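Start from the sequences, fold in the hints, and give me the full structure.
Protein chains in written order, with my numbering: chain A, 148 to 493; chain B, 148 to 493; chain C, 148 to 493; chain D, 148 to 493.
Among the hints, a few may not be true.
Which copy? The list can't say, so a pair holds if one copy fits it or any two copies do.
In the BS3-like style, the derived pairs of lysine-lysine whose C-alpha atoms are separated by at most 25 Å in a straight line are [claimed, not checked]:
#, residue 1, residue 2
1, 487, 150
2, 258, 448
3, 282, 233
4, 487, 173
5, 448, 318
No lab work stands behind these hints, which were simulated from the structure alone. If you're wondering where the values come from, they're calculated on a predicted model, not measured in any experiment.
4 protein chains.
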Amino acid sequence: MIKVGIVGATGYTGAELVRILHGHPKAEITVLTSRSHEGENIEDIYPNLRGCVDHSLSGQDLDKVISISDVVFVALPHGLSVPIVKKALEAGKKVIDLGADFRLKDAEVYKQWYGLEHGAPNLLENAAYGLPELKLEEIKDAQIVANPGCFPTGVILGLAPLLDKGIIDPKSIIADSKTGLSGAGKTPTDINIFVECNENAAPYAVNGHRHRPEMEQELGWVSGDEVQINFIPHLVPITRGILSTIYGGLTSSVEAGQVREIYEDYYSGAPFIRLLDENIWPHTRWVKGSNFCDLNFFIDKGRNRITIVSAIDNLFKGASGQAVQNMNIMFGLPQDMGLKFPGLCP
Amino acid sequence: MIKVGIVGATGYTGAELVRILHGHPKAEITVLTSRSHEGENIEDIYPNLRGCVDHSLSGQDLDKVISISDVVFVALPHGLSVPIVKKALEAGKKVIDLGADFRLKDAEVYKQWYGLEHGAPNLLENAAYGLPELKLEEIKDAQIVANPGCFPTGVILGLAPLLDKGIIDPKSIIADSKTGLSGAGKTPTDINIFVECNENAAPYAVNGHRHRPEMEQELGWVSGDEVQINFIPHLVPITRGILSTIYGGLTSSVEAGQVREIYEDYYSGAPFIRLLDENIWPHTRWVKGSNFCDLNFFIDKGRNRITIVSAIDNLFKGASGQAVQNMNIMFGLPQDMGLKFPGLCP
Amino acid sequence: MIKVGIVGATGYTGAELVRILHGHPKAEITVLTSRSHEGENIEDIYPNLRGCVDHSLSGQDLDKVISISDVVFVALPHGLSVPIVKKALEAGKKVIDLGADFRLKDAEVYKQWYGLEHGAPNLLENAAYGLPELKLEEIKDAQIVANPGCFPTGVILGLAPLLDKGIIDPKSIIADSKTGLSGAGKTPTDINIFVECNENAAPYAVNGHRHRPEMEQELGWVSGDEVQINFIPHLVPITRGILSTIYGGLTSSVEAGQVREIYEDYYSGAPFIRLLDENIWPHTRWVKGSNFCDLNFFIDKGRNRITIVSAIDNLFKGASGQAVQNMNIMFGLPQDMGLKFPGLCP
Amino acid sequence: MIKVGIVGATGYTGAELVRILHGHPKAEITVLTSRSHEGENIEDIYPNLRGCVDHSLSGQDLDKVISISDVVFVALPHGLSVPIVKKALEAGKKVIDLGADFRLKDAEVYKQWYGLEHGAPNLLENAAYGLPELKLEEIKDAQIVANPGCFPTGVILGLAPLLDKGIIDPKSIIADSKTGLSGAGKTPTDINIFVECNENAAPYAVNGHRHRPEMEQELGWVSGDEVQINFIPHLVPITRGILSTIYGGLTSSVEAGQVREIYEDYYSGAPFIRLLDENIWPHTRWVKGSNFCDLNFFIDKGRNRITIVSAIDNLFKGASGQAVQNMNIMFGLPQDMGLKFPGLCP
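Right, dumping it as structure tokens:
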């Protein structure tokens with residue numbers, strides 16, 4: 148059994164890790180930490196876990212956490228994972244960071260978007276970007292995995308095969324995402340209370356969201372060229388789910404059949420990509436509570452543009468499920484172990 | 148492996164059976180039927196199943212269904228299960244009816260509430276009422292199990308221990324239930340469309356709901372006395388979940404500690420009952436996607452009344468999860484096999 | 148024109164007052180105060196008001212507020228209204244308190260439920276309880292009106308006619324209310340964020356809610372006898388609306404027609420009570436954005452009990468609309484002036 | 148008083164007309180028709196209207212309807228308005244069609260998108276496109292007004308000033324709209340029931356929506372050039388509201404201040420356009436229940452693209468409110484009469 152420690156177990160992604168790992172046949176939780184709930188039991192914070200998971204929450208004695216774990220999941224706000232990652236490396240343990248600290252390869256870009264000096268710029272190159280559909284081999288060998296952001300997961304998975312083949316113009320891309328509120332976290336704010344979110348649709352971060360440079364970095368790597376994206380996220384009143392509608396200019400005339408083949412080839416070994424049948428469009432509720440990413444596309448010949456739609460569960464494939472998929476890969480297990488089940492629908 | 152047939156696989160409870168059985172280690176689906184979708188694949192009706200369940204839908208050739216199944220789940224509207232149950236009995240197969248046809252022991256009461264002559268009144272006594280927390284032994288030996296209604300499940304589980312001990316007056320009971328819309332089924336009507344349900348709370352069937360005689364029958368059996376319930380269901384804009392707030396007059400002075408013990412004793416071997424800590428009240432979202440029934444109570448000494456609150460997922464413990472729990476029992480498996488995992492929260 | 152000041156204009160009830168008064172033909176806002184948003188414009192806090200109301204927010208210079216107002220609405224948390232009420236009285240101005248400080252006539256009961264010594268117990272008798280359907284004459288002559296709580300409004304309106312006639316047992320009453328989240332206010336907390344409220348139904352304050360003594364006080368006054376209520380509020384995922392399902396034991400046999408007449412007589416001059424036709428049950432969405440209280444009832448002869456259902460918009464008839472209705476009465480205007488329009492449905 | 152007839156009063160837009168006209172100082176309803184509810188009272192279909200509007204529903208005796216009305220609002224599905232429009236013209240009465248039959252100027256385009264031969268192609272030129280912010284003078288003189296579609300209203304209002312000035316490339320436009328379910332109408336279908344819409348976001352009509360040619364026609368008229376739009380509508384789980392996020396390539400370098408001026412000039416006399424302050428983004432809940440269209444924009448200089456966001460209430464500014472605005476204009480009244488109030492927020 149893989150011994151798992153989770154640092155920051157009481158946020159939504161931490162608790163989702165606990166829930167997913169409860170059903171994993173080869174992993175067991177050895178330690179959960181929480182600054183705000185030290186000494187309490189996780190089942191008192193997340194009563195859905197009662198009768199299944201019974202684990203008290205430790206404070207953050209990192210040395211101990213690392214010593215008793217084979218892998219540490221870090222589910223903390225950005226800026227806090229460097230000390231843990233360093234200690235884990237020294238101890239020869241693996242670490243999967245669900246935060247943003249190891250996603251961007253350029254410490255300057257990190258500083259620009261997150262407002263912080265990076266605490267370990269020399270380690271950035273060591274971290275694999277944990278999107279298994281693109282970086283399987285890197286993840287296998289990595290000691291640090293930077294788990295992707297929720298928006299980048301859906302947007303990159305929609306675009307990568309087409310940028311890889313050069314059929315869309317890398318500077319023409321627009322990604323319009325609609326997200327549920329669990330992505331905004333558990334801390335109460337003026338904008339995540341029920342009354343301010345219910346019966347509403349609205350964009351945010353219109354003048355630039357932190358997940359954009361991450362998309363551009365990874366898609367630039369795929370494309371071999373600079374990629375520019377207009378990315379606008381929107382809040383819609385659902386708990387889980389991100390739907391991304393992505394628009395790109397075609398570089399040449401292609402048929403739907405060719406594009407379908409490009410997707411199928413690119414994702415031939417990927418157990419969680421579902422390319423839907425023609426004219427069936429991704430619905431976030433079809434992936435809710437699952438690790439799937441649903442995809443489809445439409446070619447508008449008259450306008451020479453392709454529309455791609457992707458749907459994921461932001462807490463699952465967009466965070467904790469993907470993190471477990473990465474763990475599987477890092478430990479030589481089938482990547483879908485403990486993860487291959489249908490979403491909760493309805 | 149237990150070979151399972153599902154008659155009526157494309158309604159919400161049928162599809163939930165498919166989803167739950169996908170994760171069951173000792174059962175495999177052999178046949179799914181659907182009148183309206185014959186020849187299609189279940190994953191086209193429920194795209195959440197894609198990549199997990201790949202099964203085409205047969206028409207209703209009952210003889211064949213029964214011949215290739217060890218157990219048949221019937222997930223049809225009331226009035227339609229008698230022919231299947233008869234054939235299953237003849238063939239020596241087990242049958243679990245998720246509809247209402249075998250719940251009421253008295254064919255006259257059935258007729259009064261469902262408006263139909265019962266097609267096999269002689270079989271009513273043979274059918275075990277499939278609430279394992281009350282009828283474990285009966286279910287073990289039964290060939291026919293009548294899976295309880297969703298409202299009765301939550302209301303009976305809240306009341307049974309107290310009526311068993313005689314501490315509440317059996318004619319004083321009021322059950323005020325709040326249900327999500329999945330209980331209303333998949334057929335579009337004037338009252339289940341989004342716009343008519345969203346931003347709304349309203350009662351229905353105030354002058355008498357079909358689930359009341361079922362509650363009164365089973366609780367009468369527990370109590371040994373006639374039980375009378377004022378039962379009022381309400382629609383609230385959620386997909387899954389029933390919260391029942393139950394009010395009863397106390398027959399004598401009791402302390403909270405005693406009542407807690409009564410619950411703990413009555414449900415000592417029951418893996419899906421969670422009596423919450425004092426002052427923690429059931430939330431439907433804590434049981435969503437799980438087979439748990441959460442319970443708690445409050446004694447109002449001044450008013451000599453007890454308030455009991457129960458929460459279930461109507462499609463899971465209130466229907467398909469409970470049906471699988473019954474299957475486990477009927478086949479000598481641990482009753483929680485394939486069912487013991489936390490709900491999807493958030 | 149009546150000159151109106153609003154103290155605490157940026158909470159939900161304050162902003163709702165602004166919105167309602169914008170359409171009132173005989174009132175004009177002269178001053179809005181806000182501690183947290185002093186100097187800002189109300190339209191920046193509530194952008195729905197843009198283009199209609201353009202008013203900057205003052206700090207709380209109470210003397211000035213009172214000097215330029217004919218009536219002051221106080222929309223502050225409990226415990227804060229006494230100084231304003233005193234100053235208003237001294238200045239000979241009218242005051243309508245939307246908070247709880249002047250609802251309970253007994254300062255001891257106030258202390259018990261609100262945890263505070265009342266700052267002006269001698270004024271309690273001067274304050275009219277502002278439920279116009281019961282206290283029209285008192286309100287006409289009052290200088291202080293204590294605007295009722297949201298739950299008491301719906302529960303009292305459902306029960307008053309029947310307790311007045313003595314047809315229900317005053318110690319048998321159970322009130323099960325379902326409320327939207329706007330009643331929980333605008334301050335972010337662990338329990339009012341979207342993710343914790345969406346897809347959920349749950350009770351709260353099961354062991355005693357502050358609105359219960361208010362109901363018991365006023366209904367005791369109607370009944371002439373002590374009234375005892377088991378009152379359990381529940382949160383359901385809607386923004387506006389309270390549905391109360393009220394259960395009472397009948398003291399004698401009555402027919403539906405008699406009860407209907409009792410309601411019609413009691414509310415003969417009341418413009419905002421709508422007794423629905425037989426078997427049509429109140430829906431919160433039918434009263435959303437309106438000052439109506441919808442009512443209906445069902446007599447269960449076998450159980451000798453009556454079920455009464457009432458629906459209001461908690462911010463409107465349950466708070467700000469009722470406050471404007473009170474203002475109309477205090478200034479000798481028709482009580483429905485500026486208030487008689489249909490709710491926003493769908 | 149203007150005498151108003153409404154043909155098709157029981158759909159959502161018909162009922163919204165009734166609700167709005169109830170508050171209009173210069174209009175009175177003389178006749179409401181309904182095929183499905185002839186003989187019933189509108190307040191029985193829309194109980195929110197009780198106590199305010201008391202009007203029985205006639206069958207569709209068009210001659211009578213027209214003879215007793217100064218203006219007829221037609222709120223029927225497309226394909227049904229031609230006979231009414233013809234009769235109204237003959238009788239010298241004004242008619243406002245909320246359906247699609249008179250929006251497209253080219254009968255061939257109509258046939259292509261709606262699948263019907265147009266019944267009166269010769270009248271198409273007579274019909275004014277009822278978007279007052281663009282066509283005020285035409286509407287003043289028109290006897291037939293084609294009320295715009297809900298999506299075109301929001302998208303055209305966002306784009307018109309910029310296309311008028313030529314600062315965006317007319318072939319570069321993408322409009323990504325998010326709509327509530329009331330736009331899907333009141334007839335129950337497999338896709339508008341609560342369970343299928345709740346907790347979901349999904350696109351539809353990806354391969355071409357009927358509102359696209361309407362946008363292209365009107366914006367082509369504004370631009371003086373052919374306009375091409377990729378328009379993708381999405382369903383989000385709200386009742387009312389359309390948020391449109393619109394992306395366009397800039398033809399030259401412009402500053403935010405210039406663009407702001409362009410909007411202010413273009414909409415200088417328009418009472419329902421609210422250009423929000425910098426960095427404040429339209430929220431559908433700020434316009435819910437109102438006739439406002441909220442707008443804002445962001446220039447991404449690096450990508451040489453502008454993002455425009457508009458929000459309307461699809462039943463109000465996107466249908467019935469705009470229809471009443473058109474009525475006001477046709478009868479020489481101030482265009483905002485009976486319409487200038489804030490939305491219901493929260």
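Status of the hints after comparison with the structure:
1. Proximity of residue 487 and residue 150 under a CA criterion of 25 Å is satisfied in both settings, with 21 Å inside one chain copy and 22 Å between copies.
2. Proximity of residue 258 and residue 448 under a CA criterion of 25 Å is satisfied inter-copy only: 21 Å between copies versus 41 Å inside one chain copy.
3. Taking the shortest Cα distances, residue 282 and residue 233 sit within 25 Å of each other inside one copy (23 Å), while across copies they are farther apart (57 Å).
4. With identical chains, the CA atoms of residue 487 and residue 173 are at most 25 Å apart both within one copy (14 Å) and between copies (17 Å).
5. In this homomeric assembly, residue 448 and residue 318 come within 25 Å of each other (Cα to Cα) both inside a single copy, at 19 Å, and across copies, at 13 Å.
Consistency with the previously given hints is maintained throughout, with no hint failing.
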